[in-house]
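First to last, the sequence lines map onto chains L and B.
Under our numbering, the first residue of the first sequence carries the number 31, and numbering increases by one thereafter.
Under our numbering, the first residue of the second sequence carries the number 4, and numbering increases by one thereafter.
FYI, nobody ran anything at the bench for these hints, they're computed from the structure.
Built from N, CA and C at the ideal position, the CB exists for glycine as well.
Do not rely on the hints blindly, as some may be mistaken.
Going by beta-carbon spacing under 10 Å, a handful of chain L positions derived as facing chain B [to be verified]: (1) 553; (2) 556; (3) 558; (4) 559; (5) 560; (6) 567; (7) 584.
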Amino acid sequence: MIASFMDLGAPVSSSKSRSGGSPQLDFPDMESLPPEAKEEPVEPPETRKRETAESMARRQREISISEFFSKNRHLLGFDNPRKALLTTVKEAVDNSLDACEDAGILPSLKVEIIQIEEERFRVCVEDNGPGIVKAQIPKIFGKLLYGSKFHTLKQSRGQQGIGISAAGMYGLLTTGKSIAVTSRTGPGKPAHYYEIQIDTRKNAPQVITDRVVEWEPPHGTRVEIELAGTYKKGRHSVDDYIRQTAIANPHCEIVFSVPGEDGPLHLERGSSVLPPEPKAIKPHPYGVELGVLIRMMKESPVRQLGAFLQKEFSRVSSRVAQEICGEASLKTRANPRSIAAGEAERLYRAINSTKIMSPATNCLSPIGEEQILSGLKKEIDADFYTAVTRSPSVYRGNPFQVEAGLAYGGTLPGDELVELMRFANRVPLQYQQSACAISKAVLGIDWRSYGLSQSKGALPAGPVLLFVHIASAWVPFTSESKEAVAAYPEITRELRLALQECGRKLASHIRTHRRAAEEQKKRSYIEKYIPHIGIALREILGFSESAENRLVETLKDVLERSRTA
Amino acid sequence: MVARGFRTIGAANGKQDRFMAKKSVSAEKRGPSGGKNVLEAIRASAQDIHKKILARKKPTMKFPVRSLSNVRYHPQRGFFEIAGRKKERTLTVNTVKTFAQTLRMVSLSKELIENDDIATKREAYYVSKNWEEARFNEQPESDTVMDDVEAYFAVNREQLGFIPEEKGGDVAGRLVVIDHDRDTGKALRIDCTRFGSGAYSIPISVEQLEFETGADFILVIETAGMFQRLVKHNYWKKANCILISMGGVPTRACRRFIRRLADSKKIPVYVFVDGDPYGITNIYRTLKVGSGNAAHLNEFFCVPQASFLGITPQDIVDYRLPTHPLKDVDIKRARDAIKNDPFIRHHKEWIRAIELLLKMSVRAEQQALAKHGLNYVIDTYLPEKLRRPERFLP
Ligand SMILES: Nc1ncnc2c1ncn2[C@@H]1O[C@H](COP(=O)(O)OP(=O)(O)OP(=O)(O)O)[C@@H](O)[C@H]1O
Ligand SMILES: [Mg+2]
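Chain L with its partners taken away, still in its complex shape (with noise of 0.2 Å):
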């Protein structure tokens, strides 16, 4: 995954093969192939015009990480208007989000979907975080790939450095409409205000305005982008990711207003404690590929194999950087720049077979069980609400953990399949339900057994809403538009262990209400049927009323006593 990055950071050149290796990022037919094409009969082979290697050489260069991403949009979430706003939305709340948790304010956003056209809309995103200086406004809105995330490691919402660019750059391809940020650092400090649009040729900013504004908050971020974009309410809308954002950030507060509504809505903060700082941690070995590998002794300042290791890498003592040398027949005082690519490759491999220490775990915020369970309290009416976070663990030498949550029974709909939300570093993720691991370990576990119905292959089916969330350094998403996690084993593991113990509290749960229901009912039942046998009896028998009133009290009572003995 760092490597398809490592990758596209550099701009991609034509004649390069896609990489990364997920299926996610075929490029549809549509773009190289018009329709229309498809019906012409095809030209014999011998009249068409060949090319020569010089020809291809004239039309042979450079393509910017802005051109391959306009052109290729569904990979980072825009393949659709309706997908667009959400996508929008989605980029400008999670970067607010990360900002204010970075700088320990608890968040307030609002977030505004103006309709200016049938289908073209207005997204504003306003937070109270930290603000951004003036000189990095530009990069930030006009350029892809610039970031402060990418290079570090720790849990955060952004990690690529692409996200707010390309929605800007979406922005500006669909409606022509410049991206407009207003932020201040501080009280005190004067408040900014740019026009931004992207450079696609170049991958750079364009400032078109840049003025000092009047801006009432103290400190914090507003962004506006226009777009061609669809509103709808349901599944995949926006309505379902902020209310979704809601939960699994129960001490952030959202004021949210949409078309066609009369006011905002505003969803209450749940609980006023930030979730922990994680903190930085560089890569662990076990998780770097060969090719990032080379590319980091050749951009290192070290100097000695050993040292490298020692510096760059987490958890690498110098007993381990001595073992991982010998395992690899190479000095630790080799010069990392002249390591060639077989020695190289024997490095990856000592790497791997060297037992290293799992990285420390710090660098994860988890939500915390108490948190989901505020977080679902707080959004979903039901009778029943449990939580699990397992303890941290580790895939491919990066750290995760996963956390489960369960709502049960009140107002959540018994006849149809359960709601599934999954989250990933506290954001919803929304598309791509069935490629991802989170639901995959859903339908792997047998809900029958925790006494929900489910029919094979499928979701279960219950006055159910699940709540899954995984948290890493590193997330394995299956695509940069980042809507599916990948199925590493381990994570798979942790999951399904997840899973379970919801399941299992939910079991209990069920049980114990099953038989205060049957209690209810047993209690129902006596006072419906006895005064039945009082009649019969007395019909047959001829006794006053008072008799049967007798008859029937009698009777009551000795049920009763006998159903509670």
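Based on the hints, put chain B with the ligands in the right spot on chain L.
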């Protein structure tokens, strides 16, 4: 047998029943149903329950288990007798609904008897719609409760005022049935030779009927189709017999009619049904020895003198009849009969016959005889068979 009628029904079942009064009842008024002693039985049981409750004890009702597993076959007596097993229904939270429904059904019966009224099973089901929470949602529920009540009092449901809806069966041939005009009480002579291509219908209650006949035997037929053919060609004239169509498993009235007729006139009963497990184990067996469901009544609703004319499994071979393969249900029914049916198990001939059927894995309908010509059954099959009645299956 006939003379005993239903008046001593309790004693006939071997228990000195607390419900059954010793004194005889005017049978004429309600035909066979001894209204008064049933009434007394109802009162007695209600009294019993009432007392128990006032003594703060949980009342119990005992019902004979109504299934084939709870009957004994007595070859000498000739019918399925109820074995001792009873299910107890103690009034608890779990049984309170059925208990209430049973008592209300008993109360309904009491009302019917007192008013000399009757209700069909379906009508009883509709009456229950007035019982609020205790009403039945589906008729099978009320039928089951009614069957329970019937078994509880060890009486025929007609005696409780409940009458079946189903038709009794059709009769044609050398028989005069003597019934009585409802209004005048005058005897009515019904000549079963004079229905042309039609037939006399067996009434629901047959106890009051008397018979005159010079017939040599009674031929009891499973299907209306075969009955029609024999009637149309006046087969009864040729064979000097009485033809009775059962139309499937014989109703209680039909069994009782044949039984009384055969008993009082001392004539043999030959049964002619399809050659398949259903014809043998359900239709013929029920006619001859009764059913598992109402075993307390089998004594009266059975025809022990019946014997099986055809279609036998051997007939299928001998007459080279066209066949159908046995279906899974047929095979299961046949195997069940060999394993669990006390009547079949008692008769080696039947076990052999059913095993032959299973081995051939085919069945043949009565009407398959038409393969050899439409009237082959009249001209050849029946005469051939009737020449050797001693070879009929038991
Ligand atoms: N509202 C904001 N307040 C403060 N800083 C922000 C805000 N939005 C963005 N930033 C900064 O801009 C950088 C780039 O944001 P961008 O969304 O493009 O990438 P990212 O969040 O790092 O990764 P991703 O592509 O996964 O979203 C962030 O890393 C962050 O440092
Ligand atoms: Mg971002």
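Numbers of the earlier hints that this structure fails to satisfy, in rising order = none
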